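2 protein chains.
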Amino acid sequence: MALNFAEYMEQRTALINHDRSLRPDHSRTPTEVEARADKIVRELRAAEAVSVWGAEHEGVPHPFPGMEFLTGRNIIMKTELFKILSKMPKGAILHAHLDATVNAEYVLKLALDYPALHVCTTELLTASNLNNILPQFKPLAQAMFTNPTVALTDTSYAPGTWVPVKTARETFDPALGGPEGFDKWAIGAMTINPSEGESAARRIWEKFTSTFTVSTGIIRFLPLWKRYIYEFFRTSVEDGVSYIEARINFHLIMLITKEWLKAFDQVQQDFKADLKRQGRRDEFIGARIIYTTLRFITLDELDLAWKDCIALKLEFPHLIAGFDLVGPENTLKPLIYYAESLLRFRDRQKEMGLDIPFIFHAGETLGDGTEADDNLYDAILLGTLRIGHGFSLVKHPKLMETCREKNILIEVCPISNEILRLTSSMLMHPLPVLINNGVPVALSPDDPAMFGNMGLTFDFYQVLAASEVTGLIGLGELARDSLKHSTLEVAEKERALAAWEKRWKKFVESIVASNV
Amino acid sequence: MALNFAEYMEQRTALINHDRSLRPDHSRTPTEVEARADKIVRELRAAEAVSVWGAEHEGVPHPFPGMEFLTGRNIIMKTELFKILSKMPKGAILHAHLDATVNAEYVLKLALDYPALHVCTTELLTASNLNNILPQFKPLAQAMFTNPTVALTDTSYAPGTWVPVKTARETFDPALGGPEGFDKWAIGAMTINPSEGESAARRIWEKFTSTFTVSTGIIRFLPLWKRYIYEFFRTSVEDGVSYIEARINFHLIMLITKEWLKAFDQVQQDFKADLKRQGRRDEFIGARIIYTTLRFITLDELDLAWKDCIALKLEFPHLIAGFDLVGPENTLKPLIYYAESLLRFRDRQKEMGLDIPFIFHAGETLGDGTEADDNLYDAILLGTLRIGHGFSLVKHPKLMETCREKNILIEVCPISNEILRLTSSMLMHPLPVLINNGVPVALSPDDPAMFGNMGLTFDFYQVLAASEVTGLIGLGELARDSLKHSTLEVAEKERALAAWEKRWKKFVESIVASNV
Numbered sequence: 001m002a003l004n005f006a007e008y009m010e011q012r013t014a015l016i017n018h019d020r021s022l023r024p025d026h027s028r029t030p031t032e033v034e035a036r037a038d039k040i041v042r043e044l045r046a047a048e049a050v051s052v053w054g055a056e057h058e059g060v061p062h063p064f065p066g067m068e069f070l071t072g073r074n075i076i077m078k079t080e081l082f083k084i085l086s087k088m089p090k091g092a093i094l095h096a097h098l099d100a101t102v103n104a105e106y107v108l109k110l111a112l113d114y115p116a117l118h119v120c121t122t123e124l125l126t127a128s129n130l131n132n133i134l135p136q137f138k139p140l141a142q143a144m145f146t147n148p149t150v151a152l153t154d155t156s157y158a159p160g161t162w163v164p165v166k167t168a169r170e171t172f173d174p175a176l177g178g179p180e181g182f183d184k185w186a187i188g189a190m191t192i193n194p195s196e197g198e199s200a201a202r203r204i205w206e207k208f209t210s211t212f213t214v215s216t217g218i219i220r221f222l223p224l225w226k227r228y229i230y231e232f233f234r235t236s237v238e239d240g241v242s243y244i245e246a247r248i249n250f251h252l253i254m255l256i257t258k259e260w261l262k263a264f265d266q267v268q269q270d271f272k273a274d275l276k277r278q279g280r281r282d283e284f285i286g287a288r289i290i291y292t293t294l295r296f297i298t299l300d301e302l303d304l305a306w307k308d309c310i311a312l313k314l315e316f317p318h319l320i321a322g323f324d325l326v327g328p329e330n331t332l333k334p335l336i337y338y339a340e341s342l343l344r345f346r347d348r349q350k351e352m353g354l355d356i357p358f359i360f361h362a363g364e365t366l367g368d369g370t371e372a373d374d375n376l377y378d379a380i381l382l383g384t385l386r387i388g389h390g391f392s393l394v395k396h397p398k399l400m401e402t403c404r405e406k407n408i409l410i411e412v413c414p415i416s417n418e419i420l421r422l423t424s425s426m427l428m429h430p431l432p433v434l435i436n437n438g439v440p441v442a443l444s445p446d447d448p449a450m451f452g453n454m455g456l457t458f459d460f461y462q463v464l465a466a467s468e469v470t471g472l473i474g475l476g477e478l479a480r481d482s483l484k485h486s487t488l489e490v491a492e493k494e495r496a497l498a499a500w501e502k503r504w505k506k507f508v509e510s511i512v513a514s515n516v
Numbered sequence: 001m002a003l004n005f006a007e008y009m010e011q012r013t014a015l016i017n018h019d020r021s022l023r024p025d026h027s028r029t030p031t032e033v034e035a036r037a038d039k040i041v042r043e044l045r046a047a048e049a050v051s052v053w054g055a056e057h058e059g060v061p062h063p064f065p066g067m068e069f070l071t072g073r074n075i076i077m078k079t080e081l082f083k084i085l086s087k088m089p090k091g092a093i094l095h096a097h098l099d100a101t102v103n104a105e106y107v108l109k110l111a112l113d114y115p116a117l118h119v120c121t122t123e124l125l126t127a128s129n130l131n132n133i134l135p136q137f138k139p140l141a142q143a144m145f146t147n148p149t150v151a152l153t154d155t156s157y158a159p160g161t162w163v164p165v166k167t168a169r170e171t172f173d174p175a176l177g178g179p180e181g182f183d184k185w186a187i188g189a190m191t192i193n194p195s196e197g198e199s200a201a202r203r204i205w206e207k208f209t210s211t212f213t214v215s216t217g218i219i220r221f222l223p224l225w226k227r228y229i230y231e232f233f234r235t236s237v238e239d240g241v242s243y244i245e246a247r248i249n250f251h252l253i254m255l256i257t258k259e260w261l262k263a264f265d266q267v268q269q270d271f272k273a274d275l276k277r278q279g280r281r282d283e284f285i286g287a288r289i290i291y292t293t294l295r296f297i298t299l300d301e302l303d304l305a306w307k308d309c310i311a312l313k314l315e316f317p318h319l320i321a322g323f324d325l326v327g328p329e330n331t332l333k334p335l336i337y338y339a340e341s342l343l344r345f346r347d348r349q350k351e352m353g354l355d356i357p358f359i360f361h362a363g364e365t366l367g368d369g370t371e372a373d374d375n376l377y378d379a380i381l382l383g384t385l386r387i388g389h390g391f392s393l394v395k396h397p398k399l400m401e402t403c404r405e406k407n408i409l410i411e412v413c414p415i416s417n418e419i420l421r422l423t424s425s426m427l428m429h430p431l432p433v434l435i436n437n438g439v440p441v442a443l444s445p446d447d448p449a450m451f452g453n454m455g456l457t458f459d460f461y462q463v464l465a466a467s468e469v470t471g472l473i474g475l476g477e478l479a480r481d482s483l484k485h486s487t488l489e490v491a492e493k494e495r496a497l498a499a500w501e502k503r504w505k506k507f508v509e510s511i512v513a514s515n516v
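Protein chains in written order, with full-length UniProt numbering: chain A, 1 to 516; chain B, 1 to 516.
Calculated from the structure, these hints are not laboratory results. Quick caveat: nothing in here was measured; it's all calculated off a predicted structure. Please note that the accuracy of each hint is not assured.
[What the hints assert, rightly or not] Quick list of the computed label-pair ranges, beta carbon to beta carbon:
(1) A:Ala491 - B:Met9: 36 to 44 angstroms
(2) A:His18 - B:Pro317: 30 to 38 angstroms
(3) A:Leu314 - B:Met9: 30 to 38 angstroms
(4) A:Ala491 - B:Gln11: 34 to 42 angstroms
(5) B:Glu180 - A:His62: 32 to 40 angstroms
For glycine and all other residues, C-beta sits at the position ideal for the given N, C-alpha and C.
So that you can see chain A by itself, here it is in the shape it has in the complex (with noise of 0.2 angstroms):
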C-alpha cells in the first residue's frame, strides 16, 4: 500500500483545501481578472518583503513586513503595496469611536479658527515639564472672554488661566520651539507616538486615556463638532470607505445631546449633497451611531441610558444603529454586571417593537477565563450582532462556532490590538483563526486619531502584509462583510453592495491594467 510522492501531493492539496474551506476567499471562484489582480499583489508583496523591509531604514534596527505601527508607518507608506490598498473600495468602518477619528493636527488646526476655543496647563511649561504637562482645552463663552496675552510659557502665566489657542500658540516660547513647538505638544498630548507605543500595556491605556481627555475639550464645541464630524467623512471617503457605524458615549458627563445627533445628521446631509453635486454619490451610502455608554455606571444609570437610547430611536431611526458599553474591559465592569438591565432593554424593545441591536466590545483581553474573556459568553447570550474586537475568541471553540453559525462579525481592530498590547506585532495577532474557522470578520481602525491609522489601509496593509495565505482577494471579502454586517436595511445595504460590486470591479481591472 506504498504511496508515491504524486499520490502524496495529491492528498497534500486536499488537505489544505479542506483546511481552509471555511475561509470566504475559498468558497467563491474569482473572475479572471480578480486572479490576475490578485496574483499581481502577492508577487508584489513577495518583492517588497525583500525590497522595502530588507533594506534598511534610519531608526528601525530590524523592520519586517506586519511589524509594531509606529515604529513601521513611514516604512509601509513607502510601499507600491500601500499605494495600491489605498485605492481599494473598502466597505464600512463598524468599529470607530467618533471621538477618536480625525487626525489631531486638523483638530488643531480647527481650533485655532474659533476664539472662544481656550487652553491652560495646571503648571508654567518649561523645557523639563513640557513632556509630562498636558493641555487642556475648553470653548468659552463669550462673557467669559478674558483676552489675556500671557504665554503658557512665560513666568508670569498663573496655571489655571485660559489663554485663547491662538495666542497661546503664538506666544509659545521660541526656546521651546515657539508655534511649531506648541503645536508638537498639543499634537503630541492627542496621540501615541513610536516610545510609548512600545511600553509596557499598563502604562500605553494611561496615555490611551489622556488622549481623549485633551482632544475632547476641543472637538465638543458644536461649530466646530460639525467640522469634524465632516472631516471623517470626508477622509473615510477618500480611503475607498462608503458607510460609517461610529460610536459616541451619551453618557451624562459627556455632554452629548440631541443638538449633537442633529448635527450628525445635518452634516450627513450636507456631505451627501457634496458628493452627489460632484456625481459621486455612490461613494457614500451613510452614517449611523452606535449609542454606546460607560462600564462603570450602575444598574439604575444603564436603565436611564437604554431609555434615553429608546427615545432617540423613535426620533432618529435611521441614525441610531445599535447599542454598546464602552472602556477598558480589563479594569470595569463586566457585562454580566449589567446583564438584568440588558436583558429588561431587550424586553422593552420587543414590547414596543423596536430593533436596537447590542453590539458589544468583548474579549478585548489578553486574559485566559477573566471577567474580559467571559464577556464574549455574555455578548453571545444576549444576542449581540456583531462583537467589537473579540480578541480572545480565538479560545473558545464553541463560540467560534456559535459566531460562525449564527452568522456574528467580530470587528477586528489589528493596528489598535498591537498599540494597546495585546499582540507585538501582525504576525501574533489571532486573526488568521478567525477567517480559517469561517468566522465573519470586518478590519476596523477603532481610534485613528490617536495611533495615525487614519481611515482602513493601514489595517489592511498590516493584514495583506503579514500573511501568505490572505491575498487582495481575501480582503475584498474582508471589505463586503462588512457591508453584509451592517445594520443598514435591506434596500440600502444592496445598493451600497451593489455600488461596492462595481468599484470592486474596476479596482482589479485598474491593478492589472497598470501592470501590463
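Assemble chain B onto chain A, guided by the hints.
Chain B in isolation, oriented as in the chain A frame:
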C-alpha cells in the same frame, strides 16, 4: 418569552461548560482532595498576583504573572506557587534537545575536571571585546597537549592557541574579573541573558545557535558526556520528571556514534541502580532517544540517515524512540522537500516490521501559510506520532480536528517560544486554544540549558500563572498526557502511569495537609 435573570445564569453556566467540554480537565470528575488542592492553588495564585506580582522589584519595571521569563525568573522563584509546583510529579519530558539539558555552570565545572579540555579564542580578549568573542572548547588527545601557561587575556596570547580550561580560568586577567570573570564569560556564551531575550527575533536566533556551538565543544567528550547525561537524569528526577525522550543529532558532523548511545544506555542503567538502592525506583521509568538529523541535508543524505537510524533501532530497540529533522523552520528546508525520502523510510519500516515513529518539529513559526507553517500539513500526512511545537497549529481548523481525533499530541514549549520571540509573554501564547479544543498537549523545556528553565517547573508555572481556567488539576492532565503519549511499550507505560498516579495522589494530599 422574557428571560429572567436566574434562567439567564443557567444558560450561561451551560454555555461555559459546553465551551470547555473538550478540555482534559473537564471530562474527569476530580476526587475531593484534588478539588481542594486545586482550590488552594487557585487562591494562592490570586493572592500572589497581588502580593508578589503587584509589588516593586528592582530592575523589573512592570512585572506581571506570565511575563517574559528571563526578566521575571527571580520573581517566579520567590513565589509559593513555584515551590508547590517544584514538588509536583510532572510525567515525561517529551521535547528536549539533549545538548541543551544541563545547566551551563555545571557543564563548565565538569570541563574543569578534565585536563584534556582546552579553550581558545580567535582574538586576544580585552574589556571591549569580551562580550563579542566566544570561547571555543575542544578536548585534545594527550599527545597534543602543549601545556601553555599563557592567559587568553595576555598580550602574548597567539589567537588560536589551545589552553587547558583550568589554566585559562586561573590566569584570566583580574582586570576582566579573574577566574570569576572567566566563568561569567564562558557561561554567558552558553546561555541567553535577559537583555538578549528582549532583542529582535533574528538576533535571538543567532545567539541561540552560537550557545550550542560553544557548549558542544565541551560535552562531546565521552568521559564528560557520561557525567553530563547522569546530571540530566538526576536533575530531571529531582524536578519530578519520571521519563524522558530526548532528541539528539546523528548528523555526521555531530560525531555521534554508537559509542554515545551505549554510554547513554550505560548511564541510564547506573542511574536506575542508584535510585533503586535509595528505594526510589518508581521515580524514573527511563529515557529514550529521538534520532534527529538536520533540515539542511540533501535527500541522499536523508536516505543514509534513516538507514543509520534503522541500524541503530535494530541494535538498541529500547533506546530509539522515533525520528525527526530539526533546525530553525523559518530558514531551513521544509518537510515537503524531504517527503519522498520519508515515504521510502516509512515503506522500509513496514517491510521490516519496524516501528520508528516520526515525531516531527512543525509549525514553530509566526508565519501564516509560509513553508514553516505548511510543515504541519506534511507532519500530519506523513503520520507523525506527536508534533514538536506546533505553534501555528491553532490557525488550522482541519488539522486541529485531526490532532484531536487521531490523538496527536503537541509538545508545547512555552518558555522556549517566548524567548525565541514567537510570543511576547505567556498571555499571548496560543496554548489555551489547543487545550480548549481538546488537542492533547504536553509541556516541555526544549533547551533549558540556554533558557534557564531547567526541568519542567518553570514551564508549568508560566502556564498556571497566565490563566484563570487552567488550575492544578489541568496541569495534572498535561503531566498524565505526557506519559500516555510517550513511545513506551504498553506494560512500561502502565507502570509509568501507575507510579505517577500514586505520586500525584500523595502530592495533592500534601497540599491539602500543609494548608490546614
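For each hint, the structure was consulted:
The hinted range of 36 to 44 angstroms is satisfied by Ala491 (chain A) and Met9 (chain B), whose Cβ atoms lie roughly 40 angstroms apart. At about 37 angstroms, the CB distance of His18 (chain A) to Pro317 (chain B) agrees with the hint of 30 to 38 angstroms. Against the hinted window of 30 to 38 angstroms, the Cβ-Cβ separation of Leu314 (chain A) and Met9 (chain B) comes to about 32 angstroms, which satisfies the hint. Between Ala491 (chain A) and Gln11 (chain B), the C-beta spacing of about 35 angstroms keeps the proposed range 34 to 42 angstroms intact.
In this structure the hint that Glu180 (chain B) and His62 (chain A) lie 32 to 40 angstroms apart at CB holds, the actual value being about 34 angstroms.
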